[in-house]
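Visitor: Sequence:
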Amino acid sequence: MTISTGNTPTTVPEHGLLSLSAAAWEEAKRRALVIAPLADLAVVPTATALAAAEQLGLSPRSVYTLLQRYRTSGGLVSALAPRPHPGGRGGTRLPQPVERVITQAIEGVYRTRQKRRVEAVVGSVSKVEMAIFTPPVQRHSD
0 MTISTGNTPT
10 TVPEHGLLSL
20 SAAAWEEAKR
30 RALVIAPLAD
40 LAVVPTATAL
50 AAAEQLGLSP
60 RSVYTLLQRY
70 RTSGGLVSAL
80 APRPHPGGRG
90 GTRLPQPVER
100 VITQAIEGVY
110 RTRQKRRVEA
120 VVGSVSKVEM
130 AIFTPPVQRH
140 SD
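Take the sequence shown: its position 35, counted from the start at 1, is 34 in numbering that gives the first Met the number 0, and no numbers get skipped.
FYI, nobody ran anything at the bench for these hints, they're computed from the structure. Some hints could be false.
Said to hold, decoys possible - Per label pair, the in silico range of CB-to-CB distance:
1) Thr47 with Trp24: 37 to 43 Å
2) Thr71 with Ser125: 38 to 44 Å
3) Pro36 with Ser125: 49 to 55 Å
4) Ala50 with Lys114: 40 to 46 Å
5) Arg92 with Ala50: 33 to 39 Å
6) Thr71 with Leu93: 51 to 57 Å
7) Ala38 with Thr91: 31 to 37 Å
8) Val117 with Thr71: 41 to 47 Å
By construction, the Cβ of each residue, glycine as well, lies at the ideal position given by its N, Cα and C atoms.
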């Protein structure tokens, strides 16, 4: 984050606290009460991770993930804040050009009166993909 003090802009490290909602900050503090003592242990026993998971309402795997994030951050409470999921229903995980090619193939080949096989859609995507994403052949003359 950059702030201006007079004529000189100053960069201040910002660890996500400004964008956290009040609920996310409260959840991070609640998690810190459980995770911080575990971070001091060299090895966290499974039984301890299970107890922490039960206390936080998370899976044991999530406890280990939070523990790693907390240790990596140097003990910042903000590292324990809930993070939005990157995908899921309705979202896309593919780059926009690839998404466009697939959508065009589905609309142009599959969603027509004549129902084609899925293989036809895959073949259409492959042809368009080759045309768009394959770099042209370079001919060198020596």
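Visitor: Each hint: holds or not?
Guide: Hint by hint, here is what the structure shows:
1. With their beta carbons about 26 Å apart, threonine 47 and tryptophan 24 fall outside the hinted range of 37 to 43 Å.
2. The hinted range of 38 to 44 Å is satisfied by threonine 71 and serine 125, whose Cβ atoms lie roughly 41 Å apart.
3. Between proline 36 and serine 125, the C-beta spacing of about 54 Å keeps the proposed range 49 to 55 Å intact.
4. Range check, alanine 50 to lysine 114: Cβ separation about 55 Å, and the 40 to 46 Å hint is violated.
5. For the hinted restraint 33 to 39 Å between arginine 92 and alanine 50, the CB-CB distance of approximately 35 Å keeps it satisfied.
6. The hinted window of 51 to 57 Å between threonine 71 and leucine 93 is violated, with their beta carbons roughly 29 Å apart.
7. Separated by about 36 Å at the C-beta atoms, alanine 38 and threonine 91 satisfy the suggested range of 31 to 37 Å.
8. A hinted range of 41 to 47 Å holds for the C-beta pair valine 117 and threonine 71, which are about 43 Å apart.
In this structure, the earlier hints numbered 1, 4, 6 are contradicted, and the remaining ones agree with it.
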